[in-house]
Every structure is written in C-alpha cells, then in structure tokens.
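Using the UniProt record's numbering, the first residue of the sequence shown is number 1, and each one after it goes up by one.
Certain hints may be false.
[What the hints assert, rightly or not] Once the Cα atoms are required to be at most 25 Å apart in a straight line, the calculated PhoX-like pairs of lysine-lysine come out as:
1. K301 with K316
2. K836 with K664
3. K545 with K839
4. K395 with K362
5. K224 with K242
6. K147 with K545
[As the list claims (entries may be wrong)] Here are the simulated distance ranges between beta carbons:
7. F734 with G456: 39 to 47 Å
8. T818 with D919: 46 to 54 Å
9. D987 with F820: 47 to 55 Å
10. E297 with R196: 34 to 42 Å
11. E67 with N896: 38 to 46 Å
12. G841 with G369: 52 to 60 Å
13. F820 with L597: 47 to 55 Å
14. E671 with L597: 29 to 37 Å
15. W276 with T42: 33 to 41 Å
16. E454 with P1056: 21 to 29 Å
17. S1052 with E671: 34 to 42 Å
18. Y710 with R1034: 50 to 58 Å
19. F734 with R455: 38 to 46 Å
It is worth saying that the hints were derived from the structure and are not from the lab.
Only a predicted model underlies this, so the values are computations on that prediction, with no experimental measurement involved.
Glycine included, every Cβ here is placed at the ideal spot set by N, Cα and C.
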Amino acid sequence: MGSCVSSQEAVVISNETIQPDKSEKSGKNDKQDDGVVIKANTPWRNLGYEVYKGLMGEELFREKVEEFEKPLPPPGLFAQSRIAYDTTKLKLVFGAIVLVKKQRATHPVGVGSEGIATIVSNPQFPACEFFTPGTTYPVCLRHSTIKSVDDVLIDFCGGALRFAGSDEMDSPCDLIMGTGPTTPLWSSQAIFDAVRANITKDLKTYLLLGPDHLKANIGGLRQKPESFYDQRYYSEVIFDFKAFDEVKRYVRFRLLPTDGRPETGLLSEEVQWQPWINERSPDETLPMDYLKREYKERVSKGPLDYKLQLQLHEPKENDPPTILQVGREWDEKTHPWLDVADIKMTSLLSPTATERLKFIHKNLPASIGVLPAVSVDDPNVVVQIRNDVYVWSQKLRKNRSNKLVPEHLTSYLIRVETGGQSGAGTDASISITLTGTKGKTDMIKLDKWGNDFERGDVDEYSVEAMDVGEILMVHLHNDQGGWWYKNPDWFVNKIAVISSSQDEPFEFPCYRWVLSDLVVFEGRATLPFQEQPDAVKNQRIFEVKNRQEYYKWGNQEVYQELPGYLQAATHADIPRDSQFSDEARSTIKEDIKKAILKLGLGYLMTLFDSWDNFDDFEKILQSLNRGRLKIVEDDRWMTDEVFGSMFLNGVNPNIIQRCEKLPKNFPVTEEMVKSCMNRGTTLQEEMQAGHVYIVDYKMLEGIPDREGTYSTQPLGLFYVNASGDLVPIAIQFFQQPSDTNPIWTPSDSQYDWLLAKMWLRSADSLVQQVNTHLLETHLVMEPFAVAVWRQLPSIHPVFQLLFPHLRSVMAINNFLRTGFVAENKRAQEILKKGFKTFKFGMLSLPDALKDRGVDDPEKLPKFYFRDDALCLWSAITSFIKEIIILYYKSDDDVTNDNELQAWIKDAHDNGFLAGEVGDDHGCPNGLETRNQLIHVLTCLVFTCSCQHAAVNFGLLDVAGFVPNAPSVMRQPPPTKKNETTLKSIMDTLPSKSQAAQQVALGYVFTQFAEDERYIGDITHSLLTGDEEDAAMTRFQVALQKISDSIKARNESLELPYIFLLPERIPNSIGV
C-alpha cells in the first residue's frame, strides 16, 4: 500500500462547490462569486491531518496515527463474545429508531432507479464467477443521505446497488457504498461513537477522535452537492476476491458517473476547519429534499450512465498493518481502478418500490467473500454487525408498516432470550406486564406460532398496549403449565423492550429462573437513597423481603464452629437461582463412581495391594487422554527443585512463609544443612538474607487418623539457592523432636529423603484439600453469598457486581457438606481448627503475602502464583473501583446506603460471629469508605475466581501422579534412618484402589462445567450502561495482557504455571 492519495478534484468557492462549465472537462475559465475568485482547476485537498494537528497538537497527532497504524492484536480471550455482545446492543439501538420513526435507522428516505448492468467485454481483472464478460444483470440503485433530514446540511451520500430488479426479493450481489474513499466506521466502537454523537449532538468531539477519523469524515461529507449523480461512491468494506486462478486477493469497489464529471459538494477549506458547524442558512432557498428532486428530474430526462470499478490487492509479506483498514486508501498508482460493469439507469422507481428495496451486506456472489472478523477492533466486524442489524431492523420495519396502531396505544417489540443450559426452556404459558413512568400495562401473553421459549432461543413479540413511558420493570408470569412430563420452570437470560414512544431501547438483564412470578428491573443499577420512582422503591423492598423467606441461615450443631451457611438439607432445597445448572449433580461419592467408570479404573477398585514401582502409578493416567504429566517426564518429581516448586506453584501456595528464626521445636543445625548452602554462607546468614522459608503443619496435631492410615504434623525447611530455586533442606515428621523423630535432610539415603518428602507432601495435600481449598475459599465465601441474596435487591450495583462470582457457591458447599464434611470427623476437626485462626485479612492477597514474608521477588524468585495473582488482583481492584465510583460519589454515599450496610452486617453477624468470645474473624460489620468497600469486594471477587482456581484446578496436574502428593499413607513414618527401601515406600503409598480414587477425585474436582463463565466474561453480566461497558472492556484488556504475559513467560519454563491464566479462571466457585 502506498500513501493516502485522494483522486477527488473540484473547484471550490467558500462553502460551495461550483461545477465547471459542462462543455469544458478541464474547466479553463475562472469563476467569481461574492467577490471571491478561485482558479478553475484547483485540486481539492483533504485537510483532515492538518486540521487535527492544528487543533489538537502535533504530539497527539503522532500518537493517534501510530496507534491507528499498529497491527491488530491476535484474537483475544473475549473476542467472539464481545462481537456478539456489541451486535446485540446495536440491534436494540437501531431497532428503537426503526420502531419510533417507522423507517430505516440510517438513510431513511431515498430515491431509486432501475436499469441494466453489463459486465465489460474485456475486463482487466482476473476471471471470476459472476462478473463474466458481456453478462447483463437487472440492477436497482438507491441514493440517499444518512440522515435524510435536509439535503442542504453537511452529510454523507449513499449509493446502494443491487444486482436484481425491483420486483425480485433476493439479490445475488448487493454493494452498499458511500461517498469518500475511506470510512470512519472501522470497528464496533466506531459505530457506538457515531450513535452517541447523534444522540448528544456533540459533533466536534466525535470528529476529533483521531486524525484518520477526521480525515475519513471530511473525505465523505458533502455540503450542498449538485446531484447524487456526480458523486463517487466507495464500498465501505474490503472483500475477499476469489478468482478462478485461486490467487489470494482483496477487492474494493466504487461507482461513478461514466463521463467522469467533477464531484461536487466537497468541503471547502474553511468548512474543513469546523465541519461540526452544520446549520441551514436563513437565506437558503433550496428545498430540504432538493437532491432527490434533482435526481428524479435527471432520470426523467434520459438514462444515467455509471461505471462500476474495482481495485485489487495481492497480499505481500511487507504489507503495512493498515492494508485491510477501511480508514486508509490504496494508492491508485499501485492499485488502479479497473472497470467492472457499465450501468445504465433507465427508470425511476416509485417511493413505495424504493422503500421496499432490500440491501443485505452479505448478499454476495461466490467470487466475493466477507473476511472473518477476529475482534470488535477488526474493520471486518463492521459488515458483520451492519448485516445483522440491517436484517433485524428490516424485519421490524416490515412488521411495523403492516400494522395500524390506535393512537391511544403504543407498539412494543419484546425480545426474550431463553437460557442455554439444560432445562432452561419451558412449555408453560408466559405473560409479561410492563411498568413505566406513566403507568402499567395489563398482562400481555407472549405467544406466537410454533414453540416459544425453547432452550437457547431468542423469541420476539410485537404487541400494542398502553404507553407506559420509560419502562422501569417487567413482570414475568409463568403459569406452570405445559406437558406433564416436562419441568415448567423457565430460565431467562435477558428481556429487551423497544417502545415506539421512546427513543432508546430498554434492557432487563435477568439470568434467573421464573418459577411463577419474577419482576426484573431495567438497566442501570441505583442506590436506595437515590431519586427513583415509587414503583421501583417499593419493588426493591418487596424483592428483598421475599428472598429472605427462601434464603435462611442454617443452624445445625455440627457446623456451629464454621462459617455461616444456607439452610438447605439437600441440593433440591436450595432456592432455584442458586442451584447448579447441571441437573446431573448428585453426590461426591456418585461423581467419583462415575469418574472411575468413565476413566476405566473400575478394575483397580478391587485391588488393595501395593504397586510394584513408581512407573506403575503412571498407568492410571493413561485413560485421561491428556498426555504425560510434565512432572513425571524425566522423573522431575523426584528432584528437590520440582519438590520445592510445589510449595510455590502447586495447589497450596498459601502455607510457605519466610523463616527468620528457627522454631524451638525444629532444631536444625548448621551441620545438618551445610552441604545445601551454595553461597558459602551460614544458615543464620541465609535466614537474615531472606533465603530460608518454612512450612509448618501444626494444625494437624491431634487430628485422628483414619483406620488403616497414618499421618504426621511435619515441618519443612526450604532454601533459595544461588540458582533461584527453592529446595528442601530439612524435614521433621512430628512437632516435638525426639530420638524417634529425626530430622531428614538431602544428605540421607536416596530412599530416606524421597520418603521424607512424600510425608511432607501428604500432609500438605490434606491441608490443601480441607483448609486451603474447602475452608478458605468455599466456606468463607458462603456467608457473603447468603447475605447478598437476603439483603441486596437485584437493582443494587453490589448485587450486580457480585452476582456472577457468588452464584454457585451455596450449591457446591451444600454438595460438599452433605457428601463429605457431614460424615468425616477428621475433616470437621481440621475445618474447625482452621476457622479458629482464620481472619478476613487473609483474603487480601497483597497483605497475606507480606505477612508471610513472601512478597519480595528478589528474595523469593520463581513464585509464579504470587506474580500472576498480584497482576490479577490489581486488574480486579481497578475494575471494581471504576464501577464503585460510578455509583458512590463520596464516602457518605457508602455509609448512607442502608441496603449495603445490611448486607455486610448480615454476613458479619450470621457468617463470622461465633463462639463465646464473639470472635468475628476480622469481618467488617459496617462499611465506612469507598476504599474499604472496594477492598472488601476485591477480596471476594478474587477469592471466588482467582484464588479458588489456583488451589483447585491444578489438582490433577499436581496430584494425578500419586507419589507426588499421596492422599493417604498406609504405613507409619520411619523412626530410624537407612531403613527405607523401594518396597517399604510402595507399601506406604496408596494402594491401587486408593490411588484410583485419588485420581478420580482429582478428575471430578478439576472439570470445568459445560456452561462455565470465566473471569471477564460479560455475556451474563447484570451491569448495564456505557460507562460500565467501558470499564469491563478495560478489564478485559488487562486480563488479555496478563494472559499474554503468562504465556510468554511459560515458554521458557520446564513446568509452565498455567493455573492463573484468565481463560482458566471461572467466575465463581462451582467445584
């Protein structure tokens, strides 16, 4: 691609373009108007760059151009979901315009003509299907301006060409073109920007979004052109060109008058410096529809001849990143325009026939293809969005035009999206009531031909009802009917309503079950003390009171010394909105049985003997179809370096802490570890330097063993060697030193040291499963979840923010309590011990790392959990802060929010206030500042998503190879050195049946749900609004950068740390 060169030339006087004498193509005579003389052949220049530099400065100009010319990043984590999200939003926006104005959303009033297109006999472009030399096609051409309000005003002109007659429904080729060789609509955000500018009327801010944006607008805008006919119309899309020779090419099209007459209406230099000033002069005499009149008159006098041309580009390795950017031209010197067809428009179409014309962006022959859109920033996304929006808008327009609506009624388009999970659809009868600022409709039955409300479907209903003004709420009613064998419950994703009396659509994000009746608030959240209609105030109070009847605190004695929980004897007793979406969930035992059968491990369940060697353990993993575990390759798991990494980057990174002084009950001497110190320093010096770390499993002291198994309460000492690796240097099995409780070191025999490490890993595995995972993520989150549903209405911003993160925690905890904790006395004791020492501050990642002395990457390198988690913590904090300050303008707003205060107090009083001394575990019982609220919410969101993912979803990678993290030990730990053999290790490790159960349990706990939503996914977000969307977009960008950074780092690691890749982090605790 060459430089941006415009082929446009015209004669310019003041704000008007004067066409030269038509007898003189070159226009040799000067013209004079109001005393201003302009040379006739003065070429027109697009001053967009100069204007931008002059108004915004050279530095910003360079910055914006560099940004524009950057290559598109590869498709991100949220690319396709964001395209779908933006498309739906724009469909609603343009649908509202259609319903209100009863016409096209853009280019609403046009003038049309019909004629013949003849493909040139000797084309200079490669042979292809459709554009066959000499072939003729009937064609229709529609001209219009975007707004179609006043042809005198500055506006774009359009020329839409379809290769079909006016009576034909379908067209084999539609080319939708506009004035200007480039277009400012090159991303979904660019479309939103244009829509917003149209609403706010702030055209100056819009036009000055960037130099290329301004230049594209100036190139396409016209002021008082003489005719639609003398314009050049360019395709707003770069297409894939598929010739018979199969050479890769891209193509652009343009339409122009055959005689090459000058293009009129190009903006003068004066107007280019302020194109946002757009008003009709009081002295103007031209009629508002003069362009349409002029075109009609011109066609009536005889045929109008046009040329359809194309430009081709063959991709090259040195192509600039902007080669497919519709905001930049292709240099005509290297990309000449080639004739495609001669078009002769012979007949004027009636207004009705013109209105009936359809132009579909994807109506294209096989030789022209739409390039796939990889993201919302890809220019190719525009044609995808515009096509979907146009097709939908056209359907609305057709339905609207066929109905005569009484004056006292309003037309509504109700769009209903049923959920995609199992059982979401219903055969029951569904009705809706709309409540607005002017009143409330009667109940409206939603019914159309065919099956309504099927799983994953979107149903649309056009109805007439009283005008309720701005719609505040919708009331959905499920009559619980339908077929007797089918559950009538109905899961609703979202409701959207477009009213013919309102300019903008109304969205009602729901993502809940409709069992009988459900009221859904519209759109953006509000705080209880903010001004709002009485109907909304009353409903938010009623909603909370109603929920408190179903969400009650549990009070079973067995769980008295644990965090508060939801009262529900079984999963079926949990309110429907908080149940699992997976109806197949039963119990942990049943899931393990299913996993054993699925993995083909059934034969092992009958074998209670020991394995012969370590390689035999790997046989269990062959049925997982996931390749060989990296820790098993080359026996990495046996090395001290990999062993040490498990305490940093395994599934329990929360235990290790800096050791500045040895505990008295862990008498490690200099002599014991001297050989491990490779910096030539002493143990004391290394402790002072921050190179020594410790793990202590004292909490396991006094915990009874299960029959036939043994356990320890070990301590482990680690050293960061000169290579930056954390390696074990001393292990003691029990808390109290004695002659039968020696300290084991790397200097011991190979099998002694290997078995000692296994005992430490076994203790760590138990603490990880019960304390780190179950207590410190699952159980401590449940009080906040219960309190959210009990105290916050769905219109509250904190409810909307936490909704995706606390959604399934009550269900999975019920699952674990009834299937694991209730009958496991050992687990109960560990949980109670852990909760006694738990403090809310432990959920604050930066504080927890600092308290444990593991926050310094210089002293403790290769701690990838810490590094990745801190990046995620920062991104979450920034996102939550953006949302909170949208609603809470001051600290007083926080203290005055009675619903918010009720939420945190309920969680405090019923979730954490336990025991005779009234220890509240540091949980706040009130919130006083915005920063405090942001911090609390960050702790909750991070724990439910990132922390849980880190300590759970790597379980199979870490413990799938059983010797690396044995869940049980079948022989007591050794009391003397030099007695361990391979056989004694095999007899100590889990038996064949126990190993199979360990792998099956790891498999169950590490499966992502089919309908899993990952952090940053907005497809099921309750948060609504432009600012909220912008905050979420920035959050997604931050997550993408984190993902890219992790992957780049992992490329050089033997054991990549993947557990905190954002695309692997579910929003909520669901397993």
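For each hint, the structure was consulted:
| no. | hint | result |
| --- | --- | --- |
| 1 | K301 with K316 | violated, 48 Å |
| 2 | K836 with K664 | holds, 24 Å |
| 3 | K545 with K839 | violated, 31 Å |
| 4 | K395 with K362 | holds, 16 Å |
| 5 | K224 with K242 | violated, 39 Å |
| 6 | K147 with K545 | violated, 49 Å |
| 7 | F734 with G456: 39 to 47 Å | violated, 57 Å |
| 8 | T818 with D919: 46 to 54 Å | violated, 27 Å |
| 9 | D987 with F820: 47 to 55 Å | violated, 27 Å |
| 10 | E297 with R196: 34 to 42 Å | holds, 38 Å |
| 11 | E67 with N896: 38 to 46 Å | holds, 42 Å |
| 12 | G841 with G369: 52 to 60 Å | holds, 58 Å |
| 13 | F820 with L597: 47 to 55 Å | violated, 20 Å |
| 14 | E671 with L597: 29 to 37 Å | violated, 54 Å |
| 15 | W276 with T42: 33 to 41 Å | violated, 25 Å |
| 16 | E454 with P1056: 21 to 29 Å | violated, 42 Å |
| 17 | S1052 with E671: 34 to 42 Å | holds, 37 Å |
| 18 | Y710 with R1034: 50 to 58 Å | holds, 53 Å |
| 19 | F734 with R455: 38 to 46 Å | violated, 57 Å |
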